[in-house]
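Residues per chain, in single letters:
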Amino acid sequence: METLEQIKTRIEAAIAGARLVIIQNGSPAGQHSLLVDNEHGLAVAEFLREAADLRFDYASNVTGVDWLDAVVKKTIKVKQVIDGVEKELDQVVEEKKPGYLEAIYHLYSMELKHGPLVLRLRTGDRGEQNHVPSLTSVWRGAEFQEREIFDLYGVIFDGHPDLRRILMWDEFKDFPMRKDYVEPDDYEYEPTAHDEVLEKAASHNAPKATG
Amino acid sequence: MNADTLIAPGPPKNFELRPKPSVSGVDPGDLLEVSMGPQHPSTHGVFRMDVVLDGERVVKLKPVFGYLHRNHEKIGENTTYLGSMPYTDRLDYFCSLTNNWAYALTVEKLAGLQVPEHAEYIRVITAELTRLQNHACLGGFLLQDMGASGTPLMYAFREREKILDLFESLTGARMMCNYMRFGGCRCDLPPGWLEQTKQVVESFPQFLDEFEALLNENEILMSRTQGVGVLPHDLAVNAGITGPMLRASGVNYDIRKVDKYGIYDRFSFRVPLGEHGDVYDRYMIRVLEMRESLRILQQCLPNIPEGPIVDPKAKLRGFRPKPGEAYGRIEAPKGELGFYLISDGTPNPYRYRVRPPSLINLTILEDMCLGHLVGDVVIILGSVDIVMGEADR
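One line per chain: the protein sequences are A and B, in this order. Counted from 1, the first sequence has number 190 at position 190 by the working numbering; the numbering is strictly sequential. Counted from 1, the second sequence has number 287 at position 287 by the working numbering; the numbering is strictly sequential.
Hints may contain errors.
What the hints assert, rightly or not - Quick list of in silico lysine to aspartate or glutamate cross-link-like pairs, EDC-like style, CA-CA up to 20 Å: (1) K113/A x D234/B; (2) K77/A x D90/A; (3) K257/B x E111/A; (4) K62/B x D170/A.
As the list claims (entries may be wrong) - Residues from chain B that keep clear of chain A, each with C-beta distances beyond 10 Å, as calculated: (5) V34; (6) V46; (7) D188; (8) V287.
Unchecked claim - Stretches of chain B that chain A covers, calculated by requiring three or more beta carbons in the stretch to come under 8 Å of a beta carbon on chain A: (9) 102-116; (10) 231-240.
Everything labelled a hint here was simulated from the structure, so no lab data went into it. Just so it is clear, CB atoms sit at the ideal spot from N, CA and C, and this is done for glycine as well.
Here chain B stands alone, though its shape is the one from the complex (with noise of 0.2 Å):
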């Protein structure tokens, strides 16, 4: 792993658009279907894929969507502005507050509305524990998918229950938190939050050590994903991948590095790049990145200014932006979250569009799954990071 590095050069000219594979020569009554979803526990929510397999390698395989569609745009235009506040909470709903961040920032730009210090120290402090407890998760999701039934996945779970605890005194919930408003929070931190926290985050790199030490080179992890699910360089970049699977492919793309949005060029932190591109590219990321989050938090937490926790020009009432449009975008644990938006001066949206980044990271699937075993597919898509509830929105 090399930070801070690009290693590949730029997408080459005439790209490729669909690489196939050849099937020459194999008859077509030799293919098998197979309907893979929408209900089975390794499609991580009801995500359904058409494959085709010549024995068991695959040879064609096509993402089904919308077992999950509630059309929540069309909502989001028949609500008003911070109406669609608490529907955001449901597009993630591993991640509320960073999906909160990011439309949040989004009807900031929109307005030109400022965030006090205090609560940008907030936000960012509230979106890196989802980033751990994300990155954390995931880890033991794909170690599931793998066959290891339930250890990595409840050690994992233990940590993600004290950050939730943390999300439910802060918030009032665990998960569907609704907690940041357009110019700053909901509420200040409840006395005694920051110990907490800091508990929270010296004891977690003890767990990363268990973790890592538990799987890092665990012979079935490394057999099973290493050189599994390879995504190239150019592709990634061409296909609009983000997040720690653009990244894993050897691509510098951090937005919070890009962008810089909130106060994140006060902290120091690595981007983590993997070289190859494959599955344990994937997994060795994420937890590489929880390193980093926890060195945001290191520098976060004591540094906490006191102030108003929202913008005093902020309305809550009558919220009305002069018409106009605005593209905000964060860096969301599972890649690019962007919100869109056009006011045309109601207090309603006249367009609300959600990028999830769950989705457009399924644009290669099937790419990375030509000519694997069918048993790789399982993992390949564990490595992805869906949620449904945003693919589908």
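Looking at chain A on its own, in the form it has when it is part of the complex (with noise of 0.2 Å):
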């Protein structure tokens, strides 16, 4: 397999436009990922899958990610005048990255029989732009993998055929395996005449005041 320089130069060379990122991986397995930007994804995956020596026909793993806002502390110099005295000061200065949901697919080639090529997609932000392009109309192996990524993350892919919870039930709210997710005290507990009967009940037993 060439590398994954080269395939990123392939990629830029037949999309115009595609803005793509090598992330580095720091364990020994050495699988180092490619970022791929929403507008092209679907593109940059057809290519990949057609394209010579490449031939990534099999999306194995499909799966996502949760990257929390995270709060960078930077010390910088400030120059203040103190007693009319000029003087250089640190200062801590907080600075907000927003988090993001990552969609993460490992490719591989069944024909060629090489791999693994590592695509990353990410959204906006946790909140309002959580869209990615769906993938699975090149690969439908990624059809249940993508629907259990919005059923557990909230990720919204723009374009898949059937984008329904999957292992949750069609009713739940939230998204589990978000890590700021906080579980229900009762994840039973519904609101139902029962309650209102035992307050009935408990007004009824009271004793009465007389008079």
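Each of the two chains sits in its own frame; use the hints to bring them together as a complex.
What follows is the structure in structure tokens.
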């Protein structure tokens, strides 16, 4: 298989305007990944499947990751006039880095028997901009796995043929795999007539004021 | 059957995503919606299918998951790396040893650990024994789904008992083995275990001969499975189908051959391939794979070297891999079982993901069932080989 740099150059030559970044992996596994911008995600996926001597025809693993909003502390030098003398002081500035959700695709080639190529798509943030393009039209093996990411992380895959919850029930509201998910006290709790009946019974049994 | 050859060319362009059957000319009032499962013996666990029938023909089928969902991945993120090892047993509870291996392999990739040769041999032996008992039982369950109540399944269970006895004397547990560790295995072979295993391996072909003589040319089996649930080559590749199902469709892709993980490059074995991709081929592939597993075991058992069981550099306590990520995969009996881990330098993984072959192999269940009788849905599902503990996680 070609190196990731060569693949990146080929994609950039074939698809005008595609913005690709290589994300380094610190572990000895050495599976560095390719971050693709959302507008060209589908075109890059189609190119990877069809290009000669790449032929990534098999999307093995599709998964999501949640990266929380982070606060990065930076120390900067500030000039300040104290008692008529200009001094340089250290000041700690907090910078907010917005979090994002990621969809990660591990691609292999069954025809040429190479891989993996790791493809990453990122949402704008963890709130409203939680859209990425669906790659199910390129690799159908991603269908259930993208549904699972939608279900557990709340990433919306534009162009998915059947984007419903898959593991949690349809009425479920939250996204359990997010890092800031808080479990409800009681999954089973529903306000039923049972509680009202108990209240009525309590008032019925209370000692009545005589008079 | 033709080994080590690719039968059809690669996937065509403009592949149609979701072929729809024509239900034109049918009054919607004539269609019958049936909910198959979740409590039904043919669904192999708590699995449900919403089936729409025109008479007895299937016109629509939607799988419904989640009845056994316990968010295994979230539990994995809140546990140490080693703490997740017993949980992997509960994914595919038929094949706990291959689950252990896939997880250990990924952590070894993530942390850069080496496995001693002695342990690699034990891993191959236990994995192939697991494959033997899984495939034998699948043949039995498939016949059970067809109405051959009991007999073939009990023959398979008789052989499975012998293998589970071996697992029990090696690991202490019959099904939830929790045996592998990062950089090796938990404990060494008990005295006499290799001789017992050799006896089981020597007597297994006898069972296979009996099993095949009983079933391969059985008229009911042939007429109910041949031409049923055909999965074309290009669809199988595009839908990410793996394992015996993929090879029954004629795609030569076995991760033991492709990745050569562990020490699989030392053994000679063939990859059986199907020609038609129907239920019969899927049954035959599993029978042939059992023969190849026996070949691997016969090469493995006499040559097992002495040595340490765990890499001495591997730390059990305070195990913290460097920040990074790794995806590791093995050829589990049901298909490609993968783990994806992200480490942030703490004792717990930041992300712990299981790639479940049972779930992804069901992607094309609707395509295989369309146009068939409702009774065939049971057989087609049986030939996929699913375990809901893994599909729902």
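Results for each hint:
At most 20 Å may separate the alpha-carbon atoms for a hinted pair to count; K113/A and D234/B meet this at roughly 16 Å. Simply put, K77/A and D90/A have alpha-carbon atoms about 5 Å apart, close enough for the 20 Å limit, and the pair holds. For a cut-off of 20 Å, the pair hint linking K257/B to E111/A stands: about 14 Å separates their Cα positions. Taking the CA atoms of K62/B and D170/A, the gap is near 15 Å; set against the 20 Å cutoff, the hint holds.
Chain A leaves V34/B outside its interface by the beta-carbon criterion, the shortest separation being 20 Å against a cut-off of 10 Å. Every CB of chain A lies more than 10 Å from the CB of V46/B, the least distance being 12 Å, so the non-interface label holds. The claim that D188/B lies off the interface holds: its Cβ sits roughly 27 Å from the closest Cβ of chain A, which is beyond the 10 Å cut-off. Distance check on V287/B: its Cβ is at least 24 Å (rounded) from any Cβ of chain A, clearing the 10 Å threshold; non-interface status holds.
With a threshold of 8 Å between beta carbons, the proposed coverage of the segment 102-116 of chain B by chain A holds, since 4 of its residues qualify and at least three are required. Check on the segment 231-240 of chain B: 5 of its residues sit with their Cβ under 8 Å from a Cβ of chain A, so the three-residue criterion for coverage holds.
Of the numbered hints stated above, none is contradicted by the structure.
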